[in-house]
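All chains, full assembly: derive it from the sequences and hints.
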Amino acid sequence: MAEKISFSTQISGRVRLATESDVPHLHKLMYQMAKYHNYAKVFNATEASISTNLFKSNPCPPFYSVTAFILEVSPNNFPKKTTKHSIFDPIQKTINLDSPIVDPESELFRTNEDDIFIAGYILFFPSYSGYFEKPGFFIENMYVRECYRKYGFGKILFSAVASQAAKMGFSTVDWLTVGWNVDAIDFYLGMGAYIMADVKRFRLSGNGLDAFASSEDADKFR
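Every letter in the sequence shown is one number past the one before it in full-length UniProt numbering, and letter 155, counting from 1, is 155.
Calculated from the structure, these hints are not laboratory results.
It is possible that some hints are incorrect.
What the hints assert, rightly or not - Simulated pairs of lysine-lysine, DSSO-like, Cα-Cα distance not exceeding 27 Å:
no. : residue 1 : residue 2
1   : 4         : 28
2   : 167       : 81
3   : 200       : 41
4   : 35        : 200
As the list claims (entries may be wrong) - If you anchor each label on the Cβ, the simulated ranges turn out as follows:
no. : residue 1 : residue 2 : range
5   : 132       : 9         : 39 to 47 Å
6   : 133       : 36        : 32 to 40 Å
7   : 100       : 169       : 41 to 49 Å
Quick reminder that beta carbons are idealized off the backbone N, C-alpha and C, glycines included.
Printed below as a string of structure tokens:
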């Protein structure tokens with residue numbers, strides 16, 4: 001049986017830029033998020049597609065195209081590393097625990113460093129609205145594995161994106177959530193975000209997208 005890592009008195013978290021070596025873990029996290037939202041049946045992302053879309057076919061530097069932050073945790077303090085010309089310096093936080101955290105999937109999410117484990121991610125990209133003078137960020141995915149929730153790690157991930165937006169002079173950070181996820185809604189409201197109740201999201205995909213794209217008579221879609 002695989003060993004389960006346990007955090008007894010403290011846990012250290014670190015948010016850093018994702019690299020191509022994180023793709024296998026990103027794929028697992030994305031599937032878990034799809035399953036949590038009951039989208040597992042339509043999940044068809046692969047490690048190859050994630051690698052291509054995030055890294056290989058993406059010539060833009062981080063923050064100017066789709067970008068991912070990785071959340072790592074460790075029972076030990078992370079070394080403090082800052083680089084003078086770094087695009088993004090990792091954000092670190094140590095949390096004292098009132099009760100132990102047991103990670104049943106620690107072996108699945110263990111990194112190449114024995115005492116560091118992947119706990120979550122956030123995926124975002126720049127967006128632009130004609131209403132505002134400056135662009136913003138749109139958060140497409142944010143996921144923290146279940147055993148690491150309620151410890152402030154989600155807030156750290158959001159803070160990393162918000163801080164980068166402010167640093168770049170961006171105007172907004174936007175995202176969506178499902179209506180049934182009351183815990184997430186309360187969390188976002190507690191951060192100071194507000195609900196745009198008059199906005200509804202629409203999507204064309206699959207056969208509907210193909211049919212509309214190939215149609216010569218748009219009237220039949222009205």
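Status of the hints after comparison with the structure:
1. 4 to 28: Answer holds: residue 4 to residue 28 is near 18 Å, not above 27 Å.
2. 167 to 81: Roughly 20 Å between the alpha carbons, so the hint for residue 167 and residue 81 holds.
3. 200 to 41: 23 Å, holds
4. 35 to 200: Holds, at about 23 Å.
5. 132 to 9: 39 to 47 Å: 46 Å, holds
6. 133 to 36: 32 to 40 Å: 37 Å, holds
7. 100 to 169: 41 to 49 Å: 43 Å, holds
Every hint from the earlier list agrees with this structure, and none is contradicted.
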